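Visitor: Read top to bottom, the protein sequences are chains A and B. If you're matching positions, the first sequence starts at 1 in the numbering used here and goes up one per residue. If you're matching positions, the second sequence starts at 1 in the numbering used here and goes up one per residue.
A portion of the hints provided could be inaccurate.
Incomplete in silico selection of chain A near chain B, CB under 10 Å [to be verified]:
{"#": "1", "residue": "Val-64"}
{"#": "2", "residue": "Ile-67"}
{"#": "3", "residue": "Ser-72"}
{"#": "4", "residue": "Phe-100"}
{"#": "5", "residue": "Thr-102"}
{"#": "6", "residue": "Ser-113"}
{"#": "7", "residue": "Asp-185"}
{"#": "8", "residue": "Val-191"}
{"#": "9", "residue": "Leu-276"}
{"#": "10", "residue": "Glu-280"}
{"#": "11", "residue": "Thr-304"}
{"#": "12", "residue": "Ala-383"}
{"#": "13", "residue": "Ser-395"}
{"#": "14", "residue": "Leu-397"}
{"#": "15", "residue": "Asp-466"}
With a straight-line Cα cutoff of 25 Å, these simulated DSS-like cross-link-like pairs (lysine-lysine) come out [to be verified]:
{"#": "16", "chain 1": "A", "residue 1": "Lys-445", "chain 2": "B", "residue 2": "Lys-397"}
{"#": "17", "chain 1": "B", "residue 1": "Lys-707", "chain 2": "A", "residue 2": "Lys-193"}
{"#": "18", "chain 1": "A", "residue 1": "Lys-37", "chain 2": "B", "residue 2": "Lys-707"}
{"#": "19", "chain 1": "B", "residue 1": "Lys-564", "chain 2": "B", "residue 2": "Lys-165"}
{"#": "20", "chain 1": "B", "residue 1": "Lys-621", "chain 2": "B", "residue 2": "Lys-165"}
Far from chain B, by Cβ distances over 10 Å, these chain A residues were calculated [stated by the list, open to error]:
{"#": "21", "residue": "Asn-143"}
{"#": "22", "residue": "Ser-196"}
{"#": "23", "residue": "Tyr-201"}
{"#": "24", "residue": "Thr-473"}
Rather than coming from a laboratory, the hints here were simulated on the basis of the structure. Owing to the predicted nature of the structure, the values given are computational and were not obtained by experimental measurement. Quick reminder that beta carbons are idealized off the backbone N, C-alpha and C, glycines included.
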Amino acid sequence: MKFYQSYSHISARAIAYLFHALTVIVLVSAGFMGCKKFITVDPPKTQIAGAVVFNDDNTALAAVTGIYSQMSGSSGNFIRGGNQGFSYMAGLSSDELISFSTTPNQNEFYNNSLSKTNSTIASLWAELYKYIFSANSIIEGVNASSKLSTPVKNQLIGEASFIRAYNYFYMVNMFGDVPLAISSDYEINRVLKRSSVASVYGQVISDLVKAESLLPESYSSYRNERVRPCKYTASALLARIYLYQGEFVKAEQKSNEVISNTGLYRLSKNLDSVFLKNSEEAIWQLLPVVPGYNTQDAFYFILTASPTNAALSTTLINAFEPGDLRKGKWTSVLNTPTGNYYYPFKYKIKSSNTISEYSMILRLSEQFLIRAEARALQNNITAALDDLNLIRLRSGLSPILTNDKNLLLSAIAHERQTELFTEWGHRWLDLKRTQTADVVLGITKAPNWQPADVLYPIPQSEIISDPVLSQNTGY
Amino acid sequence: MLLTAFFKKLCPDLETVSKSVRMMKIVTLFLFVGSMQLAARTAAQGISLSLNNAAFSVAFTVIEQQTTYHFIYTNEQLSTTSKITLTVQNASIEKVLELCFKDQPLTWSIEDRFIIVKIKERKIIAVTTVDNEVRGRVSNEKDEPIAGATISLKTNKRATTTDNKGEFVLADVPAGSVIVISNVGFELREITIGNNRYLNIHLNTVVSALDEMVIKGYYSTSKRLNTGNVSKIGAADIEKQAVSNPLQAIQGRMPGIYISQSTGLPGAAFAVNIRGRNSIASGNDPFYIIDGVPFTSASLASTYTSFSTLGGNPLSGINPTDIESIEILKDADATAIYGSRAANGVILITTKKGKSGKTIADININAGWGKVSKMLPLLNTQQYLNMRHEAFTNDGKIPTADNAPDLLLWDTTRNTDWQKQAYGKTAHFSDVQASLSGGSAHMQFLVGTAYHRESTVFGNDFADRKGSVHLKITNLSTDQKFKITVSANYIVDNNYLPLVDISKRILNLPPDAPPIYKPDGSLNWENKFNNPFSSFLSRYKINTENLISNAQLSYQLLPGLSVKTNLGFTEMNTHETATVPTTAFDPAYNLASGYADFANASLKSWIIEPQLQYQFRMQQKNNFSFLLGGSFQENIRQGLTQEGYGFSNNALLENIAAASTITLINSNYTQYKYNALFGRLNYNRLDKYLINITARRDGSSRFGPGKQFANFAAVGVGWIFTKEHFFQRNAPSLSFGKIRASYGSSGNDQIADYGYLSLWQPAAYPYQGNSGLTPSRLSNANYGWERNRKLELAIELGMLKDRLLINLSYYRNRAGNQLVGYPLPLITGQSSVQANLPALIQNAGFEGELSYHVLRSAIFNWKMSFNITVARNRLLEYPGLEISNFKNQYVLGRSLYIRKLFHVTGVSSQSGIYQFQDLNGNGVGTDYPADLQDTRELTQKYFGGFSNSFQFKKFKLDILFQFVKQQGVNYMYNSFNVPGTMGNQPEYVLDRWQKPGDKSGIQRFTEDYTTAYDTYSTATSLGDAFISDASFIRLRNIYLSWDAGGKWTQKMRMINLSIYLSGQNVLTFTNYRGTDPENQIPTAIPPLRIVSAGIKLTL
């Protein structure tokens, strides 16, 4: 006790004086010198400032790598696939898949009765604009930077332009007219009106033309992996867009450029090897990054028990001609006591720690079918038949021989159905672009089908937050 | 040895007393101690004694016989006394002692049940140099000096004040004059001056509730003299409630603050709203301060791993029973000194400290049982099957194995109450608290420790365990100039929960669903049974360590002038693991490995607040006090979230090293710095006119260059009109009356750090082995401080000698320059950007409080209190609302709580589907936005609480009712599928349309994607069908205790022993359509009903 009291007595005075001095110093400094310095903080250690990203070649390249990482990462759905991906949703919307889900979100696609508040629609919309925003930021960052080397600048602008074009292609095909954001300035973007499909395509084409001119000729700079776009990836997408736009000469020309690069692309002889990683048929693939998985499409499509997501429709199974090898190789069937369920079997690895399949985004056989269609529409029947029969031959089917343009066109359409099923919504988009959706789906999807169902609704949340955004008719 | 030390602490003045006597006395003392309760009662009953020329010690014996007080004295002391003659009837102990000691050379003080006898230190000073001078010393009941007390002559108001030793000199006081001794917090005394020119004056602490101290941050005042609005809850009320989060203890007890609990699981998040919603999009949390150290209200838990509905509230990291008081600062006068962070009010938490006196040990043990307070009444199998068949019939469809496994594949004779199966268990609570406290006049200490375990309604596999230590030491130097308080709170919390709240899946599970487990004990997945119980295999664990430490040093430089510094350091660490084993998946998925998420986060914060305080008085009437201070604070927050995959065995999931692949999900680091200069000027004239001015200049690193600093200030005035002669003459029944008003500004900086910087963050996964960068947010360098201008007018009245107290206040807060994450369309790539909105939001309301000490007697004591809050929120201004992103959300002149929705008018008796009010006359009724209406408001119209506390002999009973009038979200919102589709429904759907002509509230059942399906979806997501009355009256707390004290406890050397029963959330009266009107989330476990029993022991 004594010690304690004496201690407090002596130290009290000493501390008090120190303390008094400290207080006065601090208060004076706080009051008069201002404390701007004190409250200045460094940028967070785990992130880097936007301006710094484009000051260095490697960091700038990481910005574009980030987009693929997101596309393939666990928040990526649209491209990565699975039961939230576009292949799946468009398969439900068209006549490829039957839904076995108990989730209204998925069933609304299957029943062509999408609600404005469907959360999958909202997330597809959000996801694509996120990639577009990243691409816009990269293009602006590169253009504003004086410190990047020219090859890196070209590479970045090329890839970013390609990514932007790719995403807008799907935006217009899902929603029709969409807001065209080509800068990262939110002050402009937050009040964008919808641009016409034509003007969006105009931007898409100019982006792809630019990408063609800037991207590398081969995949060598990607360590010979086909997981990033090269010049021909841009050409391949351009070919598709020209076909959609009715510019058949250009469509033929672009698909021809891809097809004729036989050093790079060849049709796989074996149907089982088409979807393997870096397959010789691949023009662009996405590398799965989430551990434990190969493609999400395989994970969700391959059935080991009664389906809880989706299975292939009878319409599709019946579409295969007798002897079509694709029915046996690219689809499979699960027999259960309650029924037999067909499922897509293009990807064969449901899940594994070793990755042997990449997600196929663009492949050569589509280019043959584009060229076939473009040639047929230019009345070059013979050459068109050559392209079509090449694909048929590979599938063990006999060649088609005809002089009738319409017959040929419907044969090509049918071939697209059996060749490209559950890939990237080709069936859905084909029915829409050829204006046959009402005829075909009006029967198979009765009674729910309405002509307005060809377009998905603009997410309600977007209508709320962008005051000038209008809704599609029918919603 | 221990006892000696303890005794020294107790009574340091007795150094000279011989050891043996002292020991003897202590032993005696321990043998005869009585309970405090008993003592207090006897004292109130009064003492009668009659002595005629008796030895002084006889008085002691008589008093000890009649009361439970015991004298502590030495024989030496008694030897100096003289004989005593005295007669008193039914007098208080103080009165009796005063009379007994009047002419003795001894003095006394009461410490709990002990009357400590001391030698009068200051005997009459013989030398009086000046004629008619009066000297003296003013002290409290414990003989501690009272500095600053006023001694005035009643006749001409000439006055002086006491110094630090409590001493005073008043010149020229003729014999027979009356002097008045007064001080805040003490009873006034009048003394007639006789021959005695040295007065030893004891002042009694005033018992009026008005003189309770209230802390207003950097300073404190009494309720009587407060110019601002502060609500307070003390330890006594907190301890009555078996709660694990201090916020639960406030529910229903205070006006102006609405608290709701999100879920009944341990660690639940709380929504705390003080005087309404001031900010449009974010930042409506109050500012929390614990022992002077700012405390973050945001959970550190990773959003990636954490339990979906938990959210967490770090205040569960404070042990409620360590809290001495919680003060809620509401108006400008009270909050402006916290400037930029006080727009939404301030919650000040002060932890307990030791009291001088005998060292006592408090032990509190309790056990509790909690259950989900209400299960939603769902359809049984028969009703369910009927619904399904009716839906198929309505749609003209035939059930198949694919679209109706529940009808065709499952055993339709099964009927399971899935709610009971999933969360029908009893959660067990056990709680042990122990503390030791005591000290001398100069040093007090308190050390406490507590352990709390709380299991969940999911069963014993999931539980929360907490252990905490609380320490507080206060020391005052012998010259009473230097004071230091050191405190530390440390808590470790381990919370185990299922990874997801399965409530939604359970509610939707058909009652005929197959058994959970197969005969071999594994999960049953057969026949398309998407087994929700798999979620119980995925576990979430969060470990939280929380340290709050603080030191307050003050030194008195000159009389009235002191320097003070508040130093604080807090550190919180969380470690989370979320494990998903392969067994949680349908084996059909053939998953190669389970996976696990690991998240670690920490928040370190320090604060230094030097302050200078000066108090002085002019012409005895004018009291001034100044405060000038600075504040420097830094927070560093870090977090790392990783995901492991490729475990060779499910048993290794908690070990990240056992994963073959580790993915970085997120890593973050933020630094926040904060700097302020603040001041206060208070003027008090005769305790009648009060002015309080506070100001603050703040700088925060959350703002971009040039926008970092802002000024805030407030003025509060008070007029205690009952001090005016006019009122004293004309309204003598009014014991207290005050009118007060305040106006001022405060701000809000509850925004993300670095919002002004454009930043890129590492992407989650490398691509081709290269790591990527992605834009983390949109930046805006131009936003500045949000400002909230608060106005308050109030009247406070006391009647029946302050037994009845009434407070009425009106407030009007206007928040402008709204600082929000401005919502953007996703076209911009992000969902929001930090910005200022040109909106002005008004929260106005009325708060009423009444407390009435109905009966005050020794046997029966009855207190009641009532509070009510009526609040209105309005969007006053918003230039450009019509072209803004908020145009379909808000309406000028209306509340922010409105929801713009289609109005469901009912079910068509013809078609059996919902009808909507058609505003634009095109016959549709669901045109967006033309048919939207703003008639629905999702908030409380009024709310309050009513409590009664009774004490009858040894029994105490406390009952608190909470009442809330509100509209809320009912079961229809986002919880159930469309009625008729696969999935169970609440019984409410039985009131559905069946055939043309039916009048019903629920539309017809449908199984398919029909018009009825679309209409139901629209009605319950964009229509107002999901909004209905959610008012309730809830018996929030009931507490019954019995004081078991008696002779036997005395023999057992216990000071106090009581046994209690407590109930939390006991009964609810409501018409709410859903589970619980408080959380309004049918898909989360509602707050539990908890009953607990415990024992409290003081040694």
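Visitor: Work down the list of hints and note, for each, if the structure agrees.
Guide: Quick rundown of the hints versus the structure:
1. Val-64: Nearest chain B Cβ about 8 Å off; hint holds.
2. Ile-67: holds (7 Å)
3. Ser-72: holds (7 Å)
4. Phe-100: It holds, given that the least Cβ distance between Phe-100(A) and chain B is near 6 Å, below 10 Å.
5. Thr-102: For Thr-102(A), the interface hint holds, since the closest Cβ of chain B sits about 6 Å away, which is under 10 Å.
6. Ser-113: Where the cut-off is 10 Å and the nearest Cβ of chain B is about 4 Å from Ser-113(A), the hint holds.
7. Asp-185: Nearest chain B Cβ about 9 Å off; hint holds.
8. Val-191: Holds: closest Cβ of chain B sits about 8 Å from Val-191(A), inside 10 Å.
9. Leu-276: violated (17 Å)
10. Glu-280: Constraint on Glu-280(A) not satisfied, violated at 19 Å.
11. Thr-304: At 4 Å from the nearest chain B Cβ, Thr-304(A) passes the 10 Å test, so the hint holds.
12. Ala-383: violated (38 Å)
13. Ser-395: violated (29 Å)
14. Leu-397: violated (32 Å)
15. Asp-466: Hint on Asp-466(A): holds, closest Cβ of chain B at ~4 Å, below 10 Å.
16. Lys-445(A) to Lys-397(B): holds (15 Å)
17. Lys-707(B) to Lys-193(A): Given pair Lys-707(B), Lys-193(A) is violated - Cα atoms ~33 Å apart, limit 25 Å.
18. Lys-37(A) to Lys-707(B): It holds: about 14 Å lies between the C-alpha atoms, which stays within 25 Å.
19. Lys-564(B) to Lys-165(B): holds (21 Å)
20. Lys-621(B) to Lys-165(B): holds (21 Å)
21. Asn-143: Given a closest Cβ separation of 16 Å, the condition holds.
22. Ser-196: Non-interface label stands for Ser-196(A): nearest chain B Cβ at 16 Å, farther than 10 Å.
23. Tyr-201: holds (18 Å)
24. Thr-473: Non-interface label on Thr-473(A) holds, nearest chain B Cβ at 12 Å vs cutoff 10 Å.
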